[in-house]
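Which chain is which? The protein sequence lines are A and B, in order. End of the first sequence = 283 in the numbering used here, gap-free, step of one. End of the second sequence = 133 in the numbering used here, gap-free, step of one.
Note that these hints are calculated values from the structure, not bench results. No experiment lies behind these values; they were computed from the predicted model shown. Cβ coordinates follow ideal geometry from the N, Cα and C atoms, glycine included. Be aware that a few hints might be false.
Derived coverage of chain A by chain B (criterion: at least 3 residues anywhere in the stretch with Cβ under 8 Å from a Cβ of chain B; other residues may be distant) [said to hold, decoys possible]: (1) 185-196; (2) 250-259.
A few chain A residues that face chain B, going by a derived Cβ cut-off under 8 Å, partial list only [stated by the list, open to error]: (3) Glu-128; (4) Val-238; (5) Asn-243.
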Amino acid sequence: MTGLRGCGFVLVVAAMVLPWASRAADAPLSDQAKAFAALPDWSGVWMGTGTLFERPGNPNTDRMLRDNPPYKPAWEAAYSKFLGDVVRPGKYLDPLTVGYPTGMLRTMAPARGIQFVVRPEMVWVIHERPDLRYIYTDGRPFPPKDELWPTFEGYSIGHWEDDTLVVETISMMGGVPLDRTGLILSDQAKATERIRKIDARTITDEITIEDPVAFTRPWTITRRYTKRNEQYPRVESVSSLENQRNPVVGGTTQILLADDLADVNSPYTDDLRPFALPKMPAP
Amino acid sequence: MVKLNVLLALGCAALGCATFAASPTAAHHTASMFAADKEIVLSGTVKQFQYTNPHSWIQVLVPGDAGAPVEWSIETQAPVVLLRAGIKPTSLQPGDKVTIKLHPLKDGGAGGEMVEVTKEDGSIISLRGPGPN
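Excised from the complex, chain A in its bound form:
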């Protein structure tokens, strides 16, 4: 009897435990976990490769190059004049130099590294410049017109088509340069991107820009990003202000040499010097 009772106890316990153990092995994922599991893995640090917007190489030579968007004649004439009068003589003041955001679409043409943080409701593109771009993938529509205003990054809504992130961006501030030649769009431009990981080390972004004010037709370019292959890739924010020795004076970029640095003072009295950053200039 004892043996039977013991056997019965085992069976009872097994009947209680086994279903639980089975559920633990293939426990149903939470809705949030399912949503994450369905997303592609774009982890890592990615570097822009040769590009239309931001050519690699020495700006002293490459500034002679230019992109060729399908500008309307008046825009082409203005861009050509800007290249001749400002860019080629080396007088161009790149807003990045003085701390402005990168701005769409230049965010997708990084001279430094970028990261894609892919979440179910949003994708963040983090730029080392530094800059941050938000792409909403939570199913929302664009806001009504009276809740939109021009911004450097615009307003981006995305959705997934299998492993491709399709993004539409509107409300981008006109006149924000797309590259070092000063190429610009109007504030009516719209960008449609198809971002996809095509192999373990390559992501591509096919960007079609429509600009009814500046362009005669849509302009499509493709950006490529290559994954850095270190085991522990390093990412750094590049502040424009930390040790800015190229101030812009009267529209011309200067260089602070050793003698000029002696003129950089603390904004406070000497005994309060620790409260100022090392390179903070006097106000």
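Dock chain B against chain A, hints included.
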């Protein structure tokens, strides 16, 4: 700014004013203050390596014509770019004897844009690497 036109001219002549090949990365401010078509070579002693954003700077004391050393300011890239080229904050130390190849300032000031640095042990620091990726 200290004028060292004689030194610049000598360095330029010694190099034949070679045209510089494109560097792998580019500064975001206009580089029009640098003579991209000229290279000069300086020998001196590192005073300070400013491993800083948005650009790093090598402060080098170079023997001057009048006897007193002249402090040169040699601009190069942001730390993260240097690191990826294998150049670390410790790669240049105060007191290091170096030979620096640079694009000089057009106005003859004591500054320029780094091309490469050769240390006393023969090792070379440049944006071409070596470095990961």
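Evaluation of the provided hints:
1. For the stretch 185-196 of chain A, the proposed coverage by chain B is not satisfied: 0 residues have a C-beta within less than 8 Å of a C-beta in that chain, short of the threshold of three.
2. Taking a C-beta to C-beta cut-off of 8 Å, the stretch 250-259 of chain A contributes 7 residues in contact with chain B, enough for the three needed, and the coverage statement holds.
3. At about 6 Å, the closest approach between the beta carbon of Glu-128 (chain A) and any beta carbon in chain B falls short of 8 Å, and the interface hint on this residue holds.
4. At a threshold of 8 Å, the smallest CB-CB gap from Val-238 (chain A) to chain B is about 5 Å, leaving the interface hint in force.
5. With 8 Å as the threshold, the beta carbon of Asn-243 (chain A) comes within range of chain B, its nearest partner Cβ sitting at about 4 Å, so the hint holds.
Comparing the model with each numbered hint stated earlier shows that hint 1 is the single one that does not hold.
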